[in-house]
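J.: Chain by chain, the residues:
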Amino acid sequence: QKEVEQNSGPLSVPEGAIASLNCTYSDRGSQSFFWYRQYSGKSPELIMFIYSNGDKEDGRFTAQLNKASQYVSLLIRDSQPSDSATYLCAVTRGQAGTALIFGKGTTLSVSS
Amino acid sequence: GAVVSQHPSWVICKSGTSVKIECRSLDFQATTMFWYRQFPKQSLMLMATSNEGSKATYEQGVEKDKFLINHASLTLSTLTVTSAHPEDSSFYICSASAGTGATGYTFGSGTRLTVV
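Protein chains in written order, with this note's numbering: chain A, 1 to 112; chain B, 113 to 228.
Isolated chain A (complex conformation) (with noise of 0.2 Å):
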């Protein structure tokens, strides 16, 4: 069964720390890696992806990704109140294109 983990939380951070959220995938063919955010009813918000190991930066957003040993992370530095949601990890069942499998998602809860 291929698999995506995450901490379901809730992680709760005061405003302006940092945000640490975890994620491992137990396909190793999986070739692309998602951090998507949803809001309660709506429809998943692509944050960042990533292909290759190492780290990725957007913004305050910083993904990282370490294939041998199946783990993706999300930081979301200075956190705001507007960044409490639940983030989905999401990888591809093989290839880029293929169909992303989510995990459970993390709630993270941002407090001012």
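Calculated directly from the structure, the hints in this document are not laboratory data.
All C-beta atoms, glycine included, are put in the ideal place defined by N, C-alpha and C.
Some hints could be false.
Partial selection, computed: residues in chain A whose CB lies under 10 Å from chain B [said to hold, decoys possible]: (1) Y36; (2) N53; (3) K56.
In silico negatives: residues of chain B with every beta carbon more than 12 Å from chain A [stated by the list, open to error]: (4) V123; (5) G128; (6) T129; (7) E134; (8) R136; (9) D139; (10) Y148; (11) Q154; (12) L156; (13) F179; (14) T190; (15) E199; (16) G216; (17) S221.
Since the structure of chain A is already known, use the hints to place chain B on it.
T.: Using the frame of chain A, we list chain B on its own:
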């Protein structure tokens, strides 16, 4: 950017009736469409993958005769929930891709189905 229009956004139907959900790619050719279902406080569960002009590939445990998927053109895919029952009540979301090797996935806005 790429847009997928999903309709209806919400629907209430009586048990035993069928409901059709449409996803249209407005400004790109959706070679592949993925259909997901999400129950409250759960993640998106992949139901099926459809390629334009081909039969859909269903995930294990998803009844292909109950969830009919049609992907007759590069811009339109439909999911029909046949003989709906209360346990089919869920949030259904489509996601379009320009095909294998494509780097982007465009999600529809989702359809909230309530079967009474």
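J.: Does the claim that L156(B) lies outside the interface with chain A hold up, using a Cβ gap greater than 12 Å?
T.: The claim breaks: L156(B) does not keep its Cβ more than 12 Å from every Cβ of chain A (closest is about 5 Å).
J.: In terms of Cβ atoms, is chain A entirely out of 12 Å range of T190(B)?
T.: Label holds. Min Cβ-Cβ 18 Å, cutoff 12 Å.
J.: Closest CB-CB distance from D139(B) to chain A, is it above 12 Å?
T.: Its Cβ never comes within 12 Å of chain A, the nearest being 17 Å, so this holds.
J.: Determine whether the non-interface label on Q154(B) survives the test: each CB of chain A must be over 12 Å from its CB.
T.: At roughly 7 Å from the nearest Cβ of chain A, Q154(B) sits no farther out than 12 Å, so the non-interface label is violated.
J.: Would the hint on N53(A) stand, with a C-beta cut-off of 10 Å toward chain B?
T.: violated (17 Å)
J.: Should the label of G128(B) as a non-interface residue stand, given a Cβ cut-off of 12 Å to chain A?
T.: holds (26 Å)
J.: Would you check whether the claim that Y148(B) is not at the interface survives, using Cβ distances to chain A and the 12 Å cut-off?
T.: violated (8 Å)
J.: Does T129(B) clear chain A by more than 12 Å, comparing its Cβ with all Cβ atoms of that chain?
T.: holds (23 Å)
J.: Closer than 10 Å between Cβ atoms is the bar; does K56(A) clear it against chain B? Give me holds or violated.
T.: Result: violated, 13 Å to nearest chain B Cβ.
J.: For G216(B), is the shortest CB-to-CB distance to chain A above 12 Å, so the non-interface label stands?
T.: violated (8 Å)
J.: Take a quick look at S221(B) and tell me if its Cβ sits farther than 12 Å from every Cβ on chain A, holds or violated.
T.: At roughly 5 Å from the nearest Cβ of chain A, S221(B) sits no farther out than 12 Å, so the non-interface label is violated.
J.: Would V123(B) pass as off the interface with chain A, using Cβ distances and a cut of 12 Å?
T.: Label holds. Min Cβ-Cβ 14 Å, cutoff 12 Å.
Violated hints, in rising order: 2, 3, 10, 11, 12, 16, 17; the structure is consistent with all others.
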